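Model the placement of chain B on the given structure of chain A, informed by the hints.
Here the protein sequences line up with chains A and B, keeping their order.
Reading the first sequence from the start, the letters are residues 1 to 189 in the numbering used here.
Reading the second sequence from the start, the letters are residues 1 to 323 in the numbering used here.
Honestly, the hints are just simulated from the structure, not real lab data.
Source: prediction; values computed, not measured.
There could be a bad hint or two in this list.
Here are the simulated distance ranges between beta carbons [as the list claims (entries may be wrong)]:
hint, chain 1, residue 1, chain 2, residue 2, range
1, A, R141, B, L152, 41 to 49 Å
2, B, L152, A, F16, 49 to 57 Å
3, A, D103, B, R258, 37 to 45 Å
4, B, P210, A, R34, 57 to 65 Å
Ideal Cβ placement from N, Cα and C applies to all residues, glycine included.
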Amino acid sequence: MAERERSHTRPRGAVFVPRAQVMSASDVHRAITRMAHEIAERNRGLDQVVLVGLQTGGVAIAEQLSAALAEVEGATITVGTLDVAFYRDDIGLRPVLPEAATDISFDLTGTTVVLVDDVLFTGRTIRAALNALGEYGRAQRVELAVMVDRGHRELPIRPDYVGKNLPTRRDEMVDVSADGVSLGELVNR
Amino acid sequence: MSPFPANLLSMDDLDTEGIGEVLAVADSFVEVGRRANPKVPALRGRTVATLFFEDSTRTRMSFETAAKRMSADVLSFAAGSSSLKKGESLRDTIETIEAIGIDAVIIRHASSGVPARVAGWVEHCSVINAGDGWHQHPTQALLDLYTVRQALGGGDAGLTRFEGLSVLIVGDIRHSRVARSQVTGYAALGAEVTLVAPATLLPPSLEGWPIAGVSHRLDDVLEKADVVSLLRVQSERGSGAFVPTLREYTAGFGLTARRAALLQPGAVILHPGPMVRGVEIASDVAELPASLITEQVSNGVAVRMAVLFLLLGQGPIEGAHRG
Chain A
1 MAERERSHTR
11 PRGAVFVPRA
21 QVMSASDVHR
31 AITRMAHEIA
41 ERNRGLDQVV
51 LVGLQTGGVA
61 IAEQLSAALA
71 EVEGATITVG
81 TLDVAFYRDD
91 IGLRPVLPEA
101 ATDISFDLTG
111 TTVVLVDDVL
121 FTGRTIRAAL
131 NALGEYGRAQ
141 RVELAVMVDR
151 GHRELPIRPD
161 YVGKNLPTRR
171 DEMVDVSADG
181 VSLGELVNR
Chain B
1 MSPFPANLLS
11 MDDLDTEGIG
21 EVLAVADSFV
31 EVGRRANPKV
41 PALRGRTVAT
51 LFFEDSTRTR
61 MSFETAAKRM
71 SADVLSFAAG
81 SSSLKKGESL
91 RDTIETIEAI
101 GIDAVIIRHA
111 SSGVPARVAG
121 WVEHCSVINA
131 GDGWHQHPTQ
141 ALLDLYTVRQ
151 ALGGGDAGLT
161 RFEGLSVLIV
171 GDIRHSRVAR
181 SQVTGYAALG
191 AEVTLVAPAT
201 LLPPSLEGWP
211 IAGVSHRLDD
221 VLEKADVVSL
231 LRVQSERGSG
241 AFVPTLREYT
251 AGFGLTARRA
261 ALLQPGAVIL
271 HPGPMVRGVE
281 IASDVAELPA
291 SLITEQVSNG
301 VAVRMAVLFL
311 LLGQGPIEGA
321 HRG
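The shape of chain A in the complex, shown without the other chains (with noise of 0.2 Å):
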């Protein structure tokens, strides 16, 4: 069988063409580096924190940090998914289904939380993780880490750690993957 598209933020059928890389892999690799150095400034020892990937997009940055964090402080940093589909806001909208169930065996209680994310849009997928956190314990607080913010946000969120800010149209598409960072246009097939 055909692995099916699962994703919500593409619609079913369509496909992502490139138009322009903004980001190489060794750019991308570069900006983790930099925000793993800025989660420790900001989190002095790191105790506390852990990272949770948003499926799909941000499970593989999230791990990248982690590695990066190990590396930089030599810290064991926890890391966790969330898929956050039975908590939008646009449910009954548009298709809307989990990307891959939600992995988090630990408490969250007392914890710094760093939610990661690929690509950082309207926010609404922020404020559905943020409802969804809070079902596996009360965080101390939650930070935000993303690899692109492409603006046009419809809710009262910000980011703490940014890859790169990337001005964008609201009709283009940003592909964050393992080569680097593109914009393009969704095509359907």
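The following block gives chain B in isolation, referenced to the frame of chain A:
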């Protein structure tokens, strides 16, 4: 790719992809069920009604729990205390329910085809078949598939391990809506289904059934089975008249401790419930680690959450026909 159907009336409504979709979404709901607070706001503001014209414990409670865990409101309709008693027709009852503003009706009825008929009457709500006569019980088949995938596949999303899997469906196939849904579901995923029953408990014709074979001797086929799915002898549908005595049925087709010992390592035992211990399954066998009967019940909630979410939570999909 095909959109998820507007109603779930039969396993025929789902292709392989649709089945895969239900099982994958159910994984997320199993995770929800493990939380201290197993409730999500996914279907807040939606209303679901259960219309059961036949007795049920697990299916009704399972559907109601599923809807409540997704924050939907649940109306429970009991045929015995409704206006049907005053002579109102089923059609008028359904139209009343739709006019109240229900998003989904979950129907169980002793007559085959009632859910399909109701689906033709309603315009704005989804219809889920929770068992109609001898016809279909799709969510039972889906939760069986989920449970088997969980047991054999370690939670893997792939459905490929069903290919060539040897599945025995044992018992009163003639009167069983569960068997009809199971056969369709297992066959869609490539499993090889063998029906095991006395000739009197098989349907008059098996033409068009996607099965690998039929056996009248459980002992002959048990050793190569990966999945043994048992069915109850349905005395309330008169299946008692199709076997000389229940004791004789047990001697030939009951999963006794002796027979369970013939199973290969890793084989699993399923039963949709309610089970009659000592008839189709020995009490000790139901407690074996290979028996997944309790898992079936807990997975049932997650699978029904997935079905409700896919029917009600998806919003407009291009090209989909809803209502």
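Handout entry: CB-CB spacing for R258(B) and D103(A) relative to the 37 to 45 Å hint
Key = This hint holds: roughly 43 Å between Cβ atoms.
Problem - Cβ distance range 41 to 49 Å for R141(A) and L152(B), holds or violated - result: 43 Å, holds
Practice task
Evaluate the given range 57 to 65 Å for the C-beta pair formed by P210(B) and R34(A).
Solution key: 58 Å, holds
Problem - Hint check for F16(A) and L152(B) - Cβ pair distance inside 49 to 57 Å - result: About 35 Å separates the Cβ atoms of L152(B) and F16(A), which means 49 to 57 Å is violated.
This entry does not satisfy hint 2, going by the numbered hints stated previously; all others are met.
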